[in-house]
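Got chain E; can you put chain W on it based on the hints?
Number of protein chains: 2
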Amino acid sequence: MKKLYIIKIGGNIIDNPIALEKFLMDFSKMQGLKILVHGGGKVASEFAKKMGVSQAMVNGRRITDAETLKITTMVYAGLINKQIVALLQSQHMDAIGLCGADANIIKSSKREVADIDYGFVGDVLSSSINSNLLSVFLEMNLVPVFSAITHDGNGQLLNTNADSIASVLAVALSDKYNVQLNYCFEKNGVLENIEDENSVIKTITKTKYKQLLQTGIISKGMIPKLDSAFSAIQQGVCSVVIANADELINTTKNEHAGTTLIA
Amino acid sequence: MKKLYIIKIGGNIIDNPIALEKFLMDFSKMQGLKILVHGGGKVASEFAKKMGVSQAMVNGRRITDAETLKITTMVYAGLINKQIVALLQSQHMDAIGLCGADANIIKSSKREVADIDYGFVGDVLSSSINSNLLSVFLEMNLVPVFSAITHDGNGQLLNTNADSIASVLAVALSDKYNVQLNYCFEKNGVLENIEDENSVIKTITKTKYKQLLQTGIISKGMIPKLDSAFSAIQQGVCSVVIANADELINTTKNEHAGTTLIA
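Heads up: the protein sequence lines correspond to chains E and W, in order.
The first sequence: position 103 = 102 (numbering that gives the first Met the number 0), numbered continuously.
The second sequence: position 260 = 259 (numbering that gives the first Met the number 0), numbered continuously.
Same shape as in the complex, but just chain E:
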C-alpha cells in the first residue's frame, strides 16, 4: 500500500502568519500523497468579538450558535482555507480546499443535547467519509485541504473538531493506504512537564495513556487529541505522531521527533 500522510494543524500555527508560512513551505516540499486538515485558531473568536457575537467554550470545544456557525464557516472554510490553498499553489502544490459538504466527503451528525447543548456541532464517523472520491483526488495528485466544517446531508452545516476530522479521515483511508497521522502544534510533543519543552514523552502506549490520565499529567486540551489518536490506531491507522510544526519534515523521515503513539 502507498504511504499517505494526514497532517493536522491548529491554533497557534494558524494564528501566527510567519509560522504558518514556514509550515506551508515545509508541507509543500513533502513528497507523496498527503491531506492537510486545519483548525481555526483565534481568528474566528476575533471576528466574533468585532461583530459583537459572544463566544462560549466548554471542555475546549466551542458552543456554536447560529451566528457562531456563520462566523466559523466564513473564517475556517473561507478565509483560512483559501489563504492556505493559494499559498500552496504558489509553491506548485496542487491543493484543493474542501469542507465536508463539498462532494459530500464528510457527513456528520449534530451532537445530541445531553448536559450541554453544543449547538451546531457535528460528530463524525469514519463510515461517513467518501473515501473512494478522496482516493480518486489523491491519485490525481490533488492535495485536499480540509477545514473543520461538515454537513448533515440535510442542508445543515456543522462545526466539527479538526482533530476528530483528521482521525476519521485517517481511519477511513487506512483500507487503501498506509496512513501516518500527524498532529502538528506549537509544543515539541506530549510533555511530561508542561513547562519544559525538553520533557517530551517519546512513546505512549494505550496502557501508558491511561496511567498518564490518572496521574493528571496530560492536560485537558490534549485529551480529545489523544482520544482521537488512539481510536484511530485501534481502527487501522499505522502511526500517530504529535510534534512541533517545525519538525514536520523530520517526522516524515523516520527521524525521531515529537511523541509517537502506538497500540
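Incorrect hints may have been included.
Unchecked claim - SDA-like mimics (lysine to any residue), calculated; alpha carbons at most 20 Å apart, straight line:
#, chain 1, residue 1, chain 2, residue 2
1, W, Lys201, W, Gly220
2, W, Lys21, E, Gly154
3, E, Lys49, W, Lys48
4, W, Lys49, E, Leu68
5, W, Lys49, E, Ser53
6, E, Lys48, W, Gly51
7, W, Lys48, E, Ser53
8, E, Lys49, E, Ala65
Think of the hints as simulated: they come from the structure by calculation, not from any bench.
For chain W alone, coordinates are given in the frame of chain E:
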C-alpha cells in the same frame, strides 16, 4: 458534444433566502452537466459595515482593499459557497464548492492601476482556466459551484467579477462542450423600459447591442454583463440567456424565457 449549462446567480437571489432556496431546488432538478457561479450580494457589505470596514464601489465594481478582500473571501468562498453546496447536497446533487485557487482552476491577474486603483481585484482570461480538470470533475458527475474569488498563482487571492468568471468558464469549456451560459437575476431579462417587467427584449444581436448602448436604454449595471456575454459568444459559446431566476427551468427547455443573446 454534450450540453453544458453554466448558470450564474448574483445579488438579489443570494440576498433573499426564500428566492435562493427556490432557485437551488430548481437547479438541483436540472438534468445534465452544469456549473454554478455565484456572486456575493449585500452580505459582504453588511459584514463590512458590522466590522467597521468602509466600502467603495466604482462602475458597479467593489474597490477591494486588504480588509475587504478578507471579508469577500470569508463571505463568498466561505459562508455563501458552503451554504449553497450543503443545500444542493441535501437534494442529492453532488456539488463541490470551489474558488479559483482550488486545484488552480481559475488564475487571474491583479488589475493594473490606471485612473482607479481597484485594489485586490483580479481579471480573468479563458486561457487561465484549468478546463481539463474541470471536465474530469464534470464527467465524475460533480457539480462545481464557484465563488468569485480567484488567485494570481503567487499566493495572492483576488476578488473577481462573477459575471466575468461565468463568461471565461463558458469560453474555456466550449472546446469540449456545447455551452449555454445563463445569467439569472431578479428581472425578467434585458428590459426596453427598466420600469416595465413586460418590456423584455427577446433577442439582442451585437449590432442591436451597440444601438441600445448609444440610446442609453441599457442601464449601467447591465453593461459588464452584456460585454462579457458578447465576448463569450464571439469566442465559441453557443448561447447566452439573461432571465429571471424563477425561469431557470424554462430557459433550459427551449421555451422562450428572458433575453437571448446571439452573434
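query = Hints broken by the structure, by number, lowest first?
reply = none
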